[in-house]
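**Q** Given only the sequences and the hints, what does the whole structure look like? Please build it.
Protein chains in written order, with UniProt numbering: chain A, 1 to 786; chain B, 1 to 266.
Among the clues, some could well be false.
[As the list claims (entries may be wrong)] Subject to a maximum C-alpha distance of 16 Å in a straight line, what follows is the list of computed EDC-like cross-link-like pairs (lysine to aspartate or glutamate):
no., chain 1, residue 1, chain 2, residue 2
1, B, Lys142, B, Asp22
2, B, Lys42, A, Glu623
3, A, Lys782, B, Glu265
4, A, Lys782, B, Asp248
5, A, Lys307, A, Glu397
6, B, Lys42, A, Glu127
7, B, Lys5, A, Glu127
8, B, Lys5, A, Glu120
9, B, Lys29, B, Asp164
10, B, Lys23, B, Asp133
11, B, Lys219, B, Asp230
12, A, Lys574, A, Asp617
13, A, Lys103, A, Glu135
14, A, Lys86, A, Asp170
15, A, Lys563, A, Asp523
16, A, Lys310, A, Glu397
17, A, Lys499, A, Asp531
18, A, Lys660, A, Glu620
19, B, Lys42, A, Asp283
20, B, Lys199, B, Glu265
21, A, Lys7, A, Asp678
22, B, Lys5, A, Asp394
23, A, Lys310, A, Asp394
24, B, Lys142, B, Asp120
[Claimed, not checked] Computed beta-carbon distance windows for the label pairs:
no., chain 1, residue 1, chain 2, residue 2, range
25, B, Tyr8, A, Ala95, 23 to 33 Å
26, B, Ile9, A, Ser50, 32 to 42 Å
27, B, Lys219, A, Glu54, 55 to 65 Å
28, A, Pro349, B, Asp244, 42 to 52 Å
29, A, Pro349, B, Val106, 53 to 63 Å
30, A, Asp132, B, Asp244, 26 to 36 Å
31, B, Ser62, A, Lys10, 26 to 36 Å
32, B, Asp103, A, Ala8, 54 to 64 Å
33, A, Lys660, B, Gly67, 41 to 51 Å
34, B, Asp53, A, Ala543, 52 to 62 Å
35, B, Ala160, A, Glu54, 44 to 54 Å
36, A, Ala543, B, Ile9, 50 to 60 Å
37, B, Asp244, A, Ser180, 27 to 37 Å
38, A, Asp633, B, Asp248, 50 to 60 Å
Source of the hints: derived by calculation from the structure; they are not laboratory data.
For glycine and all other residues, C-beta sits at the position ideal for the given N, C-alpha and C.
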Amino acid sequence: MGKFVGKAVKRREDARFLKGAGTYTDDIKLPKMAHTAFVRSPYAHANVLSIDIEEAKNEPGVIAIYTGNDACGEFGVPCGWQVDFKNGETMREPAHPLLTKDKIRHVGEAVAIVVAETLEQARDAAEMVMVDYEELLAVTDPKQAMEAGAPLVHDQWEDNAAFDWCIGNDRAEVEAALESAHHVTEMEYRNHRVAPNAIEPRSYIADYDVNADKWTLYTSTQNPHLIRLLLCAFVLGIPEHKVRVVSKDVGGGFGSKIYHYTEEALLTWISREIGRPVKWTSDRSEAFMTDAHGRDHVVKSKMGFDKDGKIVAHLTDEYCAMGAYLSTFAPAVPTYLHGTLFQGVYTTPLIHLNVIAPFTHTVVVDAYRGAGRPEATYLLERIISKAAKEMGMDPAEIRFKNFIPPFDGVEEAGYQTQVALQYDSGDYHGVLERGLEMLGYEDFRKEQAKAREYGKLLGVGFSSYIEGCGIAPSAVVGALGARAGLYEVGHVRVQPTGKVSVFTGAHSHGQGHETVFAQFVADKLGIEMDDVEIEHGDTDQVAFGMGTYGSRSLAVGGSAIIKSIDKILEKGAKIAAHKLEAAEEDLEYAEGKWTVKGTDKSISFGDVSLTAYVPHDYPEGLEPGLDFSSFYDPSNFTYPFGTHIAVVEVDSDTGKVDVKRFIACDDVGNVMNPMIVDGQIHGGVVQGIGQALLEEVVFDEAGQMINASYMDYAMPRADDIPMIETDRTVTPCPHNPLGVKGAGEAGCIGSTPAVVNAVVDALAHLGVTDIQMPVTPQRVWKAMQN
Amino acid sequence: MIPAKFDYIKASSVSEAVDLLDKHGFDAKILSGGHSLIPAMKLRLNRPEVLIDISGISGMDSITEEGGEIVIGANCTHHDIATSKLVNDDLNILAQTAKAIGDIQVRNRGTLGGSLAHADPAADYPATVLACDATVVAEGKKGQRSIPISDFFQGIFTTALEDDEIITSIRFPKVKNGNYQKFFQSASRFAVVGVAVVKSGNEVKVGITGVADTPYRAKGVENAYNGSADAADHAVDNVEVMSDHFADVEYRSHLAKVMTKRALEA
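**A** Here it is, written out as structure tokens:
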């Protein structure tokens, strides 16, 4: 497209991040700012018998203490997505109070908040708040939560189901096809719960200005406008135009900072009560207890094949934990972001998924990098590999046999799945072929056989993933229960000097938007990147926005910016034609200037900009200024895909898995900045390997998370990960102007099953067919003993 | 992650530190590298009223040879030990052990004396000091005394130190042939199992950490050893093996044997 797009331009934001000069919410210190500490339940399920704040109130520095008995107790945070029961019953949506006054439903649930002059004083006083609890039996496992007699999370309903939902073909039809299938492969496992662990913990400052009667909420969110909408219209009932939400530098989210949390609403309320700014920053222990977790599906699945290894039917039943309440997007994750990907990259003619989503006595579960698609991919890629082994087929061969044939979405139509969606474009053969070439598959199998003779256990695992991102067409998601649109806003303001300020509703919390967006804006306008500034994360600056998640920023947010640039060029051409005394249709725009075709008569972008703001000699009837804002609502999701291949070595004595190689051949459509796409893939792959080998939230019987610190919750480290080998094919998205699909989650979606498949492959000759994730040394060793 | 309120006193001599310990009793804690104490204080699991910082006391951070022994000051960091020429040459197993602890930041702060006094059952040094038959030198109100390492570890976070005593140095015999093998806990990188083997001729001394609530000498292995690593099968004889979600009794017992075998074969 020009001189920046497609180049590995270094990230401009890194200048401040690498120097420690970013401004995260906790870095902000306002005059007269008060500090807070929460009193949180140590029990997963309990009745609150009494709360005594008298002694704490007299502690030094205490400004106020609030409990659920104060006015804030009337409010609650809403859920943003409604998924009803398949029998028509409405989703069960409990109140989610800012502070709990009667019933505790997870460890870490807030009972009181202490506001004090210093953080130390707040912490000390919080210890003096006396809460009398009556502990009750808890249930943390989603399947057990649906067993008869399970402790109820919400007493007003007869069981713990938030909803019971299904998608795909008629269940009886799918069951019949499985009955008559040549071979049926079965799996039962848990896609276990993980904690998000953004490096910056959540942090909020609410600042009420009594004179202006306005609030500013500084918040580490991925989603400033939606937070403002939910906060104002649904929680506190305050006018939206009176609230500014600022979310500038944010240190990672992985989904966990999409949601509207109770703490940010409570602080907003408190700031007006005390007439001062007030801050809360989560510590790491609170983050484990209160940030929305990911995954947690209990899965039972059957896939049927004909004698040639073609899939004939797929039936899955899942129990997917919601946690104690319904987080902002929670109901969408195991349903419309999960079941709709059950087609995978295969021509499976019959598919049925049933999801029961129970409440559990745990912190809420919501989208975590990939959100439903990693869980779908894990299932499909594990079960097809298991089937290949059972049927004596090669795992690559069975994939080639079942792939949907290539289609570009332009000449060839999109692919209509059995599970509601239509894929945009894809070439699933291509990425696996390239992956096998990168691996040197034949040589690997020889090496593996030889290694086994020496007692060395090598394995290879494949994953052919597809995911749906670039969310999303508003009408489609609305029909599926979303309570918001999923368009994006792109506002391009050309300054009189021809410098360009871009305001995007997408939100950067590590992605590199300030660089990538400037690359395509500069190219599209034929100007320098230095002449383009990208602004985000401030509701007073940016008209509106739906935030960043679901790998949507470039596909949706970028497209909105392109729409505004098109309007600028269209208006600019009118001004240029006037100045050049030529007809608009005789002009062409390139390299930052309009030229009369076939002549050397031209006018630069800067001169046109100045003319727009100093309209002395100007087209009649044309408004001054060069400033456009656009809303872009995509016509479809985008569907990146790829092949991930892991090579592992298992220590036969200890069961420890060493990932020797990791190959990622992805197709994310057109690539704006290959370095940033590689970085996204690397980060996602590491997170996916983390789930496969290391990370797991473990609860005890009483509902305590027993590994809620970095002493016990194992995050992947550099020495757990090999050099990641990346390559790409490019199948452009046919329905957005940049032809991009999205790269933020692909690594995390594709990698996990590749690793587990590789471990199972390494141990296949010992009769091992499956190992529960995370594939810890202990689990591997035990599998080898059986 | 904010500790409860505490007072901080920087001691300038061992006798001053001992006097302060004596004065404040249970309310005081010795601060050296602080890598176990400070996190526990931040979580308010530990809330001493007084911290007595011994890190500035001169003469406690030297590594010297005295009378054929290697004497390591209690304030020597893991990094000091891992990079000391004397230790690498004449007590290599201790350098191996120090290198297996934490990461570079941890090794720059954490100290040998602090680790031994804390007596975390998953710490690395205990295996090695046991296998080396080291001697802990401590000083208290009653003066200085030497504690044989075999008497030192008495249980989980429990040692033979009196309430008014601090470790000043640790004395090691020179060890030519020693090996430390560690199976890392994946989150903390502490030892799920750590095995130190010191060989001389057909004799071995085997120290094991991470397996029981107290680090121990694996006498079963030592007695059975006749030059063959098969003696490792006795690594958990008569030991009550710990269990957690990284390693249950069966797996941890197995790991102890594997790591012992590897250390014997090294």
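**Q** Now tell me if each hint is right for this structure.
**A** Now for the hints, and whether the structure bears them out:
{"no.": "1", "hint": "B/Lys142 to B/Asp22", "verdict": "11 Å, holds"}
{"no.": "2", "hint": "B/Lys42 to A/Glu623", "verdict": "62 Å, violated"}
{"no.": "3", "hint": "A/Lys782 to B/Glu265", "verdict": "25 Å, violated"}
{"no.": "4", "hint": "A/Lys782 to B/Asp248", "verdict": "11 Å, holds"}
{"no.": "5", "hint": "A/Lys307 to A/Glu397", "verdict": "14 Å, holds"}
{"no.": "6", "hint": "B/Lys42 to A/Glu127", "verdict": "14 Å, holds"}
{"no.": "7", "hint": "B/Lys5 to A/Glu127", "verdict": "13 Å, holds"}
{"no.": "8", "hint": "B/Lys5 to A/Glu120", "verdict": "8 Å, holds"}
{"no.": "9", "hint": "B/Lys29 to B/Asp164", "verdict": "10 Å, holds"}
{"no.": "10", "hint": "B/Lys23 to B/Asp133", "verdict": "33 Å, violated"}
{"no.": "11", "hint": "B/Lys219 to B/Asp230", "verdict": "14 Å, holds"}
{"no.": "12", "hint": "A/Lys574 to A/Asp617", "verdict": "12 Å, holds"}
{"no.": "13", "hint": "A/Lys103 to A/Glu135", "verdict": "10 Å, holds"}
{"no.": "14", "hint": "A/Lys86 to A/Asp170", "verdict": "12 Å, holds"}
{"no.": "15", "hint": "A/Lys563 to A/Asp523", "verdict": "14 Å, holds"}
{"no.": "16", "hint": "A/Lys310 to A/Glu397", "verdict": "11 Å, holds"}
{"no.": "17", "hint": "A/Lys499 to A/Asp531", "verdict": "5 Å, holds"}
{"no.": "18", "hint": "A/Lys660 to A/Glu620", "verdict": "68 Å, violated"}
{"no.": "19", "hint": "B/Lys42 to A/Asp283", "verdict": "10 Å, holds"}
{"no.": "20", "hint": "B/Lys199 to B/Glu265", "verdict": "11 Å, holds"}
{"no.": "21", "hint": "A/Lys7 to A/Asp678", "verdict": "12 Å, holds"}
{"no.": "22", "hint": "B/Lys5 to A/Asp394", "verdict": "64 Å, violated"}
{"no.": "23", "hint": "A/Lys310 to A/Asp394", "verdict": "13 Å, holds"}
{"no.": "24", "hint": "B/Lys142 to B/Asp120", "verdict": "26 Å, violated"}
{"no.": "25", "hint": "B/Tyr8 to A/Ala95: 23 to 33 Å", "verdict": "47 Å, violated"}
{"no.": "26", "hint": "B/Ile9 to A/Ser50: 32 to 42 Å", "verdict": "41 Å, holds"}
{"no.": "27", "hint": "B/Lys219 to A/Glu54: 55 to 65 Å", "verdict": "59 Å, holds"}
{"no.": "28", "hint": "A/Pro349 to B/Asp244: 42 to 52 Å", "verdict": "47 Å, holds"}
{"no.": "29", "hint": "A/Pro349 to B/Val106: 53 to 63 Å", "verdict": "57 Å, holds"}
{"no.": "30", "hint": "A/Asp132 to B/Asp244: 26 to 36 Å", "verdict": "32 Å, holds"}
{"no.": "31", "hint": "B/Ser62 to A/Lys10: 26 to 36 Å", "verdict": "47 Å, violated"}
{"no.": "32", "hint": "B/Asp103 to A/Ala8: 54 to 64 Å", "verdict": "30 Å, violated"}
{"no.": "33", "hint": "A/Lys660 to B/Gly67: 41 to 51 Å", "verdict": "49 Å, holds"}
{"no.": "34", "hint": "B/Asp53 to A/Ala543: 52 to 62 Å", "verdict": "56 Å, holds"}
{"no.": "35", "hint": "B/Ala160 to A/Glu54: 44 to 54 Å", "verdict": "46 Å, holds"}
{"no.": "36", "hint": "A/Ala543 to B/Ile9: 50 to 60 Å", "verdict": "59 Å, holds"}
{"no.": "37", "hint": "B/Asp244 to A/Ser180: 27 to 37 Å", "verdict": "48 Å, violated"}
{"no.": "38", "hint": "A/Asp633 to B/Asp248: 50 to 60 Å", "verdict": "54 Å, holds"}
The earlier numbered hints that this structure contradicts are 2, 3, 10, 18, 22, 24, 25, 31, 32, 37.
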